[in-house]
Amino acid sequence: MEQDAQLVQQCLQGDGSAWEELVRQHSRRVFNICYRFTGNRTEAEDLAQDVFLRIYKTLGSYRSAHGGFATWMTSVTRNLLIDHYRRTKRDRITDSLDDALPVVENKQSSARRPDEQALLGELSNQVQSALTKLSPELREAVILRDLQQLEYSEIQTVLSVPEGTVKSRINRGRIELARILQQMGVRPS
Amino acid sequence: MTWTCEQTELNLTDYLDGLLQPEQQRAFDLHVNGCDRCTPLVASVSHAIANLRSLPELETPPRLVYNILDATLGPRDTVTGWAAVRAWIRGFASPRFAYGMVSVAATFLMIVTASGFNWKKPKISDLSPANIYHNSNRAAHRAYARSTKYVSDLRVVYEIQSRLRQDNELPTAPEGTLPESTPQKDPGRTDGTNPSTPRQQNRANDINSHMQVLAEELPILSGRFCFVVNGTLSVMSGGGRTR
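Chains as they are written, first to last, in the numbering used here: chain E, 104 to 292; chain L, 5 to 247.
Treat the hints loosely; a few may be bogus.
Each pair of labels, with its calculated beta carbon distance range [as the list claims (entries may be wrong)]: (1) THR191/E to LEU14/L: 49 to 59 angstroms; (2) SER227/E to ASN141/L: 37 to 47 angstroms; (3) ARG100/L to GLN128/E: 14 to 24 angstroms; (4) SER107/L to GLN128/E: 55 to 65 angstroms; (5) GLN286/E to THR84/L: 28 to 38 angstroms; (6) ALA75/L to THR191/E: 19 to 29 angstroms; (7) GLN116/E to PRO126/L: 28 to 38 angstroms; (8) GLN128/E to ALA102/L: 18 to 28 angstroms; (9) ALA47/L to GLN113/E: 20 to 30 angstroms; (10) ASP33/L to THR145/E: 21 to 31 angstroms; (11) GLN113/E to ILE128/L: 52 to 62 angstroms.
Here are a few chain E residues that sit away from chain L, every Cβ distance over 10 angstroms (derived from the structure) [said to hold, decoys possible]: (12) GLN106; (13) ALA108; (14) ARG139; (15) SER256; (16) ARG290.
To be clear, the hints were calculated from the coordinates, so they are not data collected in a lab.
This one's a predicted model, so the numbers in the text were calculated from it and none came from an experiment.
Think of the CB as a built atom: it goes at the ideal place given N, C-alpha and C, for glycine as much as any other residue.
Given the sequences, and given the hints that come with them, work out the whole structure.
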């Protein structure tokens, strides 16, 4: 955490290599959050790039006293993802008509890039698909808790909601995810 | 404490994250174990979380970092001339490349040494294919002969140890019950059999000579002292001496 704060200070003084170091250290985490939220690799890559552009522009507003750099960066990522979600809502309404048909869904799934297919596997594919079916507020809570392993207090900072709301969203998100997975035929053995 | 299905649903995350108080935990378990609605709910949510956590963390796309750096710091200058050569050479300084080179060098050294190349007096002619073949052939035969000799030596040692074990297992006869000598038979033969065939005698002589050599070179054999007197292996075991 101290190392990040130091790198941020160096960046603010115009040190390009410090910025490069920050990007290298955190790009994987940002990319994974974006991918789990959107379920699309290309979209996640573009969003991750936008996240770092925004971080670069607003780096001066980061205060280490208000929390770790990773938490702040997650907060920026989350805000950008929500903006993106709202912006593309109309496209998704059209898509959701297709989603209602399972055959079409399978076609979409098999239209993924081959390396992506190999990487995810069948179960991972189904879980990712179920995750993207959650509402954005439940999805982000579940991603931050169960995939990014953040503490409740950190999620509270990222989402800017009380801890009780955080717990409630995680709880509802998990139950909803289990229900969707059961509908997809993924049941506990 | 009475517990309801609604409470189970509300407190499921706290239960799964281990945040319930002991009393709540007991009430939760008691209810869930006897409730047809809550048992599958807890199982399915636990399963969903396990599946979620098993999702792999994806690698960063290779061009993402460069795209970000280009978009923020601007495109980097293209290196040309000697600077490009220096940058290219610097690439070889990576640990991965160094390990690879060391392993290639070690393999090369092993192959050249095995082909009979003399490092103390190197000759160009040693590197000609015919000489490499002859040297390798000679080295292989030498290695085979050494290994054969080693196996043979091991066999002799094993036979000696077997004999010593047999000697130890024989009951020590009291002096008063010593068998009488039979002058008409060969000394040492009490079983009344004919003397050994020439082949067996040769083998015995061969083992005897091996014993002499081993006894001279290995004073300690299997925790006993052994020495040769008149061509017979004698063994000192504890305080006594047997022949």
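Verification of the hints:
| no. | hint | verdict |
| --- | --- | --- |
| 1 | THR191/E to LEU14/L: 49 to 59 angstroms | violated (33 angstroms) |
| 2 | SER227/E to ASN141/L: 37 to 47 angstroms | violated (57 angstroms) |
| 3 | ARG100/L to GLN128/E: 14 to 24 angstroms | holds (21 angstroms) |
| 4 | SER107/L to GLN128/E: 55 to 65 angstroms | violated (31 angstroms) |
| 5 | GLN286/E to THR84/L: 28 to 38 angstroms | violated (60 angstroms) |
| 6 | ALA75/L to THR191/E: 19 to 29 angstroms | holds (21 angstroms) |
| 7 | GLN116/E to PRO126/L: 28 to 38 angstroms | violated (58 angstroms) |
| 8 | GLN128/E to ALA102/L: 18 to 28 angstroms | holds (25 angstroms) |
| 9 | ALA47/L to GLN113/E: 20 to 30 angstroms | violated (51 angstroms) |
| 10 | ASP33/L to THR145/E: 21 to 31 angstroms | violated (46 angstroms) |
| 11 | GLN113/E to ILE128/L: 52 to 62 angstroms | holds (58 angstroms) |
| 12 | GLN106 | holds (18 angstroms) |
| 13 | ALA108 | holds (19 angstroms) |
| 14 | ARG139 | violated (7 angstroms) |
| 15 | SER256 | holds (13 angstroms) |
| 16 | ARG290 | violated (7 angstroms) |
Hint compliance for this structure: hints 1, 2, 4, 5, 7, 9, 10, 14, 16 are not met, and every other hint is.
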